[in-house]
Amino acid sequence: MAELLLELLSEEIPARMQTRAADDLKRLVGDGMKAIGLSFTGARAFATPRRLALVVEGLPVVREDVSEEKRGPRVGAPDQAVQGFLKGAGLTSLDQAEKRDTGKGEFWFAVINKKGGPTAEALPGVIEAAMKALPWPKSMKWGSGTMLWVRPLQSIVALFDGKVLAGEIALGGQMAPIKFGDTTRGHRFLSKGDFKVASFADYAAKLKAAHVVLDPAERKKIILDGASSLCVGAQVALKADEGLLDEVAGLVEWPVPLLGTIDAKFMDVPPEVLIVSMKTHQRYFATTKADGTLTNRFVVVANNVARDGGKVIAEGNERVLRARLSDAKFFWDQDRKTTLESRLPALKGIVFHAKLGTQAERVERIAKLAGEIAAFVPGADAGQVQQAARLAKADLVTGMVGEFPELQGVMGRYYALGEKLPAAVADAIGDHYSPAGPNDRCPSAPVSIAVALADKLDALTSFWAIGEKPTGSRDPFALRRAALGVIRIVVENKIRLPLGKFFKAGDLMEFFADRLKLQVREKGGRHDVVDAVFALGGEDDLVRLLARVEALQAFLGTEAGKNLLTGYGRAANIVRAEEKKDKGLTARITGAPDAALLEQAEEKAVAAVLTEVEGALKPALAAEDFTAAMAAFAGLRAPIDAFFDKVTVNVTDKPELRLNRLKLLNQIRATMDSVADFSKIEG
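Be aware that the sequence shown starts at 1, since it is given in my numbering, and climbs by one per residue.
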């Protein structure tokens, strides 16, 4: 068995693209190999700022002949289907196909024989196809070439079984092709010259000697361990940030963590401003004290080894940060000279959406909506809700948010506190964008809840009204996130909010149902149970709906629930089959059966238990005690089982008796469907 080593060396690849590109390269090369009958035992892909690398292990040196069968359309199928089959199988006529009886009819089959041969002859084509298919989010051309790649490609290492593959990649234009080779380069600054490699183990070892850590996971560990060690020495703690760690690991090939200092004069600026300045603009890690408050130390990761231990590099980064924070402090000082209230007229100059007016008009909608929502939020002061809603967007016209858009809402809260506005108002301004994602904190204070819900519901209803709905993966206005935010706020705080009161479009509730099913499924719940409850219609209270879902799911997890579902299915299927035969049957079997026509003990028992169940259901449902409602069904199991064992429903010689028994089965269906549409539940 042999090994394939592939390295694509280029100018710097953006950090955000590296992991996906490495995975895509592994997938595309692997799929290409499988398509020509090549099997392998394992594949690993790596990425650094300048290279993508792939090693595929356990490849045969020689490919065996393989035979593959492809089933086509039924004999006698339309010509279009036949031609599609022939084209897909690489055949020119049906004479080259076989006709076989599968037991379900005669079908065409193609037997495709693929010749084997030296694996080394097939791999260059696989590599070229994978490189051309690599889906970079953004790519470029360079020189006179026509090839698209993320950044100018410099060299390609392509070794199979220790030997260079015979192949090349054409760049187009007047540029010479890049031939496959066995030569690469190390760190841009810390190594000199090219070097040859003979295998993946040799490649990885020589790269490390040339100051390149190939594995991103290893680079992350070096950064984390080094930064943590520096922090311990400075008696501070590294502020955890997995996203930043991933990004920084994609910016350096030889990570060297260094500790820097923030000037004391900037420490009165809000910590969020310091963190954004360091993280977003400089890729620095913040540090904290034992109580979680920010310190004046930061960690920068260099891509170089300095003779002075990094002192000059750290000082240079301190100067860069000083300039950035000087701007931030200026905005902080200037913004506090103007009240949020006085900034509201400026919102008239900001267009929210061409069809939805300005931010000022949106604020009016949010304030009105927040006032209506406040009535459903226990403890929400209507006056504070209105004030917070009116001021929530005022920080959009501040200098700080203009420079750091990520801080909208956050800065509004600080400015409100500085004006001595009520803490609940300030917190609601800061919270009204939350939750921004599944791991973000959810507002829990009454005023914050009302304003956050108003902000999200206005976005949903407004964009729905102008036909801007999410489609497929396209969701430019983050409406899925807004809906999930509403669900989280309502459910986590148990807010009894009738969403239908605020929705002008009926399909918006269906959109919420889809989001709710997604959330239930992520928590290990069953989407079909959500479907069953939603199918009742008219339910817009998410707290009540989920309580019903949880009770139903718990009931279906019991033996009684599983058996009763089977009984329901038998009853419903019989009724449904008869309704298809007789369109007028539904009206005739609606209502309770005639007690005088109940002949057998088993059907009398079902009727009696149904009466008891219906009597228990109504008060349980009225009290929203869905657990009790499900428990009421437990007594149905045995009588229904006995009914189907002993009673014949379709008695052909007694039409009145047949109709009465169908009424009884329909009553089973109707009684159970008053809690949820059990036909939606998968067995």
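These aren't lab readings, by the way, just hints derived from the structure by calculation. Incorrect hints may have been included.
Once the Cα atoms are required to be at most 20 Å apart in a straight line, the calculated PhoX-like pairs of lysine-lysine come out as [unchecked claim]:
| hint | residue 1 | residue 2 |
| --- | --- | --- |
| 1 | Lys279 | Lys289 |
| 2 | Lys420 | Lys337 |
| 3 | Lys504 | Lys368 |
| 4 | Lys163 | Lys196 |
| 5 | Lys604 | Lys646 |
| 6 | Lys163 | Lys206 |
Results of checking the hints against the structure:
1. Lys279 / Lys289: holds, 18 Å
2. Lys420 / Lys337: Distance of about 13 Å is within 20 Å: holds.
3. Lys504 / Lys368: Given pair lysine 504, lysine 368 holds - Cα atoms ~16 Å apart, limit 20 Å.
4. Lys163 / Lys196: Cα-Cα ~12 Å, so holds.
5. Lys604 / Lys646: Given pair lysine 604, lysine 646 holds - Cα atoms ~12 Å apart, limit 20 Å.
6. Lys163 / Lys206: Given that 20 Å is the threshold and the Cα spacing comes to 17 Å, the pair holds.
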